[in-house]
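Chain Y is already provided as a structure; the job is to place chain X on it using the hints.
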Amino acid sequence: MKLTRRLFGAFSGAALGLATVPLSVQGALAQEASTLVIAVPSDPAGLEPGINKAEPIGSEIILNVFDTLVAWKAPDFAELEGRLATDWTVSEDGKTFDFTLRDGVTFHDGTPFNAEAVKFSIERTTEMNPYVEATLGLIESIETPSETEVVFTLSRPYPAFLSILAQPQSAIVSPAAVEKFGEDFANNPVGTGPFTFRAYQADTRVVLDANADYFRGAPKLERLIYTIIPEASTRRLELENGGVDIIQQAGQLSAVPSEEMAAFADNADIQILESPSQIIRQLEFNNSLTDGPFTDVRVRRAIAMAIDYDGLLSGVFDGTAERVYGPLTSNSWAFDPAVKDLAPKYDPEGAKALLKEAGVDPADLSVKLYSFQGALWGAVATFVQANLAEIGVDVEIAQTEFPSYRALHVAGEWQMALDGRQPWYNDPDAHVTIGYLSSLKDSAMTFRMPENSELDAKILEAQGEADMEARKALYSEIQKEIVEDVPGAYLFSPKLIVFARSNVDGLVVNSAPPLNEYWSVSKN
Amino acid sequence: MFAFLVRRLLSLLPVLALVLVIVFSLVRLIPGDPAVTLLGPGATDSQIAALRAQLNLDEPALLQLWHYVAGLAQGDLGVSLKSGQPVLDEILLRLPATLEISIAAVLVAILVGTPIGVLSATRPNSGFDHGVRILSLTGVSMPAFLLALLLQLIFATWLGWLPVSGRMSSYLFVDNVTGFALIDAWLSGEEGAVQSALLHMILPVTVLAAFLAATLGRFVRATMLETLGEDYVRTARAKGLSRREVIYGHALRTSLLPAITVVGLKFAEMLGGAILTETIFSWPGIGRFMFEAIRNRDYPVIQGATLVFALLFMLTSLLVDILYAVLDPRVRRKMR
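For the record, the sequence lines run as chains Y and X.
Residue numbers for the first sequence follow our numbering, so the first one is 1 and each next one is one higher.
Residue numbers for the second sequence follow our numbering, so the first one is 525 and each next one is one higher.
The following block holds chain Y by itself, in its conformation from the complex:
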């Protein structure tokens, strides 16, 4: 082809034109009132119970496509209600759980839901999902006396088992679909839930369509779209432009979106939904150390008294976090209000006096404060550093990238560290056992509690106690004992925050995992 000037000019003109001519975009496509678009930061890690590892995006999608036997009741999420089970009993020894199942429910592929499907699903997940080894792994046998009855027998009493059954890992899958799709079931999930799976386009979106035959009634929306937008600023622009209806703050280590809060507060098109969470962020002492100043409880208490908790909430978090006083958040059913009085209070003078009493010169206490990376953690660490400087303690901040931080923390090569825990199921066990049982101190990022046969025994007893009142009493004792020992300073509990367009109606933000359900949501 010969380059002629005319041809050249025509092409170039067209290219320039394409780049500069304004074209109206929003008007061309009518926004569908029955489609809800949710922006999430990354792809779901798996769309089916067998591979779910409590990753939030996949978990939420699973709970909108599948059902569990039981679920936490909105809006308080403090009590379980039946879903695929209508009723259940727990044996006195706390080892046998007998469920009556809902009759007449069908999977999205038309096959019937029954006791066999429950047995199949739970056994399948237990076998293929290493994440539930310590929980569903307690199941000794699953019996199916009839089509509508299923009986689980555990190897030891475990009251949190009901809570585990409300988790996405325990959702009930269609056995026929698993057989049909085999390995590919993860790309073709089939459950009984309010939405049926329509499509997953990697890095782009997950599309769910309403299940008109849902046993609790058809959802109000016709379609649910999870659109994947990795950049926070892009998500924000999309919400402001109306390109998406909801943006979520997912990810355990994500920053509290105070910038967005400020930007959205005056925007009439956007509503801010918030809910207290069960997440706890704390300053931990390495309680396993056998020498050094922090082995003295008075020194630990002095550090905890030097921190201005309310100042942290208003100064760094601007209302997006709440106070936390001990090993459980105030919204947990097992929380004992007496802990509020026992917890160390902000009192720098008292802290100095306590250090003096312990015979410790604050100038000798210079210590490294380890932390996760990120602006939020940096701000918290700096705040604590300033607080401790006021009582004369010199703190050096070491923000460390997550995987290496975990390695360092688990190896116990530190004195003071910022850490946090997001319970993956709704039970005090999820905070207490892993955080404070001395035999688990090296198994994760924990308080590294020293051996204490009395406390350890109590924690194990509470974990297995079948009587709920007795269990609550045990947790009450545990909380008080832990708080008096000051294994750390409990800093704050971030709220769960969802930004939605103002025409989104009926969304209840779930304070405990599993996450939000869209069955009751509509758009005006």
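Keep in mind that the hints were calculated from the coordinates and are not lab data.
The model shown is predicted, which means the values in this text are computed figures rather than measured ones.
Ideal placement from N, C-alpha and C gives every residue a C-beta, glycine not left out.
Treat the hints loosely; a few may be bogus.
What the hints assert, rightly or not - So these bits of chain Y aren't anywhere near chain X, every CB distance computed over 10 Å: (1) E55; (2) R102; (3) P175; (4) E240; (5) P276; (6) A358; (7) A375; (8) L376; (9) A398; (10) V498.
To be verified - Quick list of the computed label-pair ranges, beta carbon to beta carbon: (11) X:L696 with Y:N188: 16 to 24 Å; (12) Y:G137 with X:D613: 26 to 34 Å; (13) X:V539 with Y:S404: 29 to 37 Å; (14) Y:S522 with X:L696: 20 to 28 Å; (15) Y:S522 with X:N580: 42 to 50 Å; (16) Y:G110 with X:D569: 42 to 50 Å; (17) X:L536 with Y:D266: 55 to 63 Å; (18) Y:S522 with X:P667: 37 to 45 Å; (19) X:L586 with Y:K472: 50 to 58 Å; (20) Y:G378 with X:D613: 36 to 44 Å; (21) Y:E461 with X:A577: 31 to 39 Å.
As the list claims (entries may be wrong) - Taking lysine to aspartate or glutamate and the DMTMM-like style, the derived pairs with C-alpha atoms no more than 25 Å apart in a straight line are: (22) Y:K345 with Y:E390; (23) Y:K180 with X:D699; (24) Y:K458 with Y:D485; (25) Y:K368 with Y:D308; (26) Y:K180 with X:D613; (27) Y:K523 with X:E769; (28) Y:K340 with Y:D76; (29) Y:K340 with Y:D456; (30) Y:K119 with Y:E92; (31) X:K763 with X:E750; (32) Y:K458 with X:D569; (33) Y:K472 with Y:E451.
Leaving out everything else, chain X in the frame of chain Y:
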């Protein structure tokens, strides 16, 4: 020519092997373990150990390399640690999206950059020339992410003319047939789909094209000025050809030769630049895929995507050499 091609293609192999070994070692040197990253801060050691075993990460690194190379020989790039899907499928799924904006950006850059360079060269030191120089300097030096955010803010938020991100409106449902949004939109026949796909392409393509267009414009201007001073151009003018015929019939062709090298090299570079652009515009290509993979320490994906990038880079430079041969008889003779 054929022998040359075979020779060149074979010479790619040792380079690819070297790239493979370097990447394989580098990803394992980044602190952090994929199993730890996948499970997050709350995980226990036993959960992590179980996942490591499931992902075969508990094998010695050399054994992992051996398994990887053995798989590679059969065209198997391994399985993504995050999704559990074959890496090759995952990459092929995303390649069209990257190619779509990259090719569009190269076309736009050539069609905008070349005429601007020619016009500047033929009117040196005019007002037009100065304006273009300022613009192209800006284009070369402005970081892609800044330009991307600025364009989003101006054209999507303030003016509302263009969509913020993505490849198509969320409310449209177009089946993925070819992976190229524009073609799929056209095939689907759904109303407004083609328009939506086009509108979504404008901002990312502009960002990718800006740097290349600016580089190309400056380059063409320089080579054109040089060419216009050559003897044969004077001869052509002396022969009685018009200025226009000389510029477009003779000088441009010669000036374009070195420009092809620039376009070829920058195209490959642009694939790398696609990482940021794709992330900001939520464009589901391999750049963004790789970015996510690095964050998740998804070793097989990082390895696979790097190999694909390396291969594309090498094939592009091979293509440039071939184009050179086609356009320049002197080079063609040397190739035999």
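Next on the checklist: Would the non-interface assignment of Y:P175 survive a Cβ cutoff of 10 Å against chain X?
Outcome noted: holds (21 Å)
Checklist entry - Was Y:E240 rightly flagged as not at the interface, with every chain X Cβ beyond 10 Å? => result violated (6 Å)
Checklist entry - Looking at Y:A398 again, its CB stays over 10 Å from all of chain X? => result Since the minimum Cβ distance to chain X is about 14 Å, Y:A398 lies beyond 10 Å and the statement holds.
Checklist entry - Taking 25 Å as the top limit, are the C-alpha atoms of Y:K180 and X:D613 close enough? => result holds (21 Å)
Item to check | Outcome of range test on Cβ distance (X:V539, Y:S404; 29 to 37 Å) | outcome: The hinted range 29 to 37 Å holds for X:V539 and Y:S404, with Cβ atoms some 32 Å apart.
Item to check | Range agreement (Cβ of X:L696 with Cβ of Y:S522, hint 20 to 28 Å) | outcome: At 22 Å between Cβs, range holds.
Next on the checklist: Against the range 37 to 45 Å, how does the distance between the Cβ atoms of Y:S522 and X:P667 compare: consistent or not?
Outcome noted: Once the Cβ atoms are compared, 43 Å apart, the range 37 to 45 Å for X:P667 and Y:S522 holds.
Checklist entry - Under the criterion that the straight-line Cα-Cα distance not exceed 25 Å, is the pair Y:K180, X:D699 satisfied? => result Cα-Cα ~23 Å, so holds.
Checklist entry - Falls inside 31 to 39 Å, the C-beta gap from Y:E461 to X:A577? => result holds (32 Å)
Next on the checklist: Taking 42 to 50 Å as the stated bounds, is the beta-carbon spacing between Y:S522 and X:N580 within them?
Outcome noted: Roughly 47 Å apart at Cβ, these two residues keep to the hinted range, so it holds.
Checklist entry - In terms of Cβ atoms, is chain X entirely out of 10 Å range of Y:V498? => result holds (18 Å)
Next on the checklist: Tell me if the straight-line CA distance from Y:K523 to X:E769 falls inside 25 Å.
Outcome noted: violated (64 Å)
Violation of the numbered hints given earlier is confined to hints 1, 4 and 27; the remaining hints are satisfied by the structure.
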